[in-house]
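Enquirer: Based on the provided sequences and hints, a complete structural model is requested.
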Amino acid sequence: MHNHRKPRILFTTQLKKKRLAVLHSTGFSIENIPFINFEYVIPAMWISQLPDETDAWIFTSKKAVKALNPVIDD
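Per this note's numbering: the sequence shown = residues 1 to 74.
Worth double-checking, as some hints may not be accurate.
Unchecked claim - Computed list of lysine-lysine pairs in BS3-like fashion (alpha-carbon distance at most 25 Å, straight line):
#, residue 1, residue 2
1, K18, K6
2, K17, K6
3, K16, K63
Since the hints were derived computationally from the structure, they do not count as laboratory data.
Expert: Spelled out as structure tokens, the structure:
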């Protein structure tokens, strides 16, 4: 007996409706469950929470580097 279920793809980020429509037309079973949500916060709201001095900075994205670049000493 063969299993005729469509191959399933799980996306863990929010996809735009247009892209989701294209994916649904591929013959795959598409599930779009946004496990991770991002919230943009204006730098002025959190810059004051940064330490005055630190031995190192670790960044997880280019956007983080751009956001902190004006306040980090070389």
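Enquirer: It remains to establish, for every hint, whether it holds in the given structure.
Expert: Tested hints:
For a cut-off of 25 Å, the pair hint linking K18 to K6 stands: about 21 Å separates their Cα positions. A C-alpha spacing of about 21 Å is found between K17 and K6, which places the hinted pair at or below 25 Å, so the restraint holds. Distance hint between K16 and K63 is fulfilled; the C-alpha atoms sit about 21 Å from each other, no more than 25 Å.
This entry satisfies every hint, going by the numbered hints stated previously.
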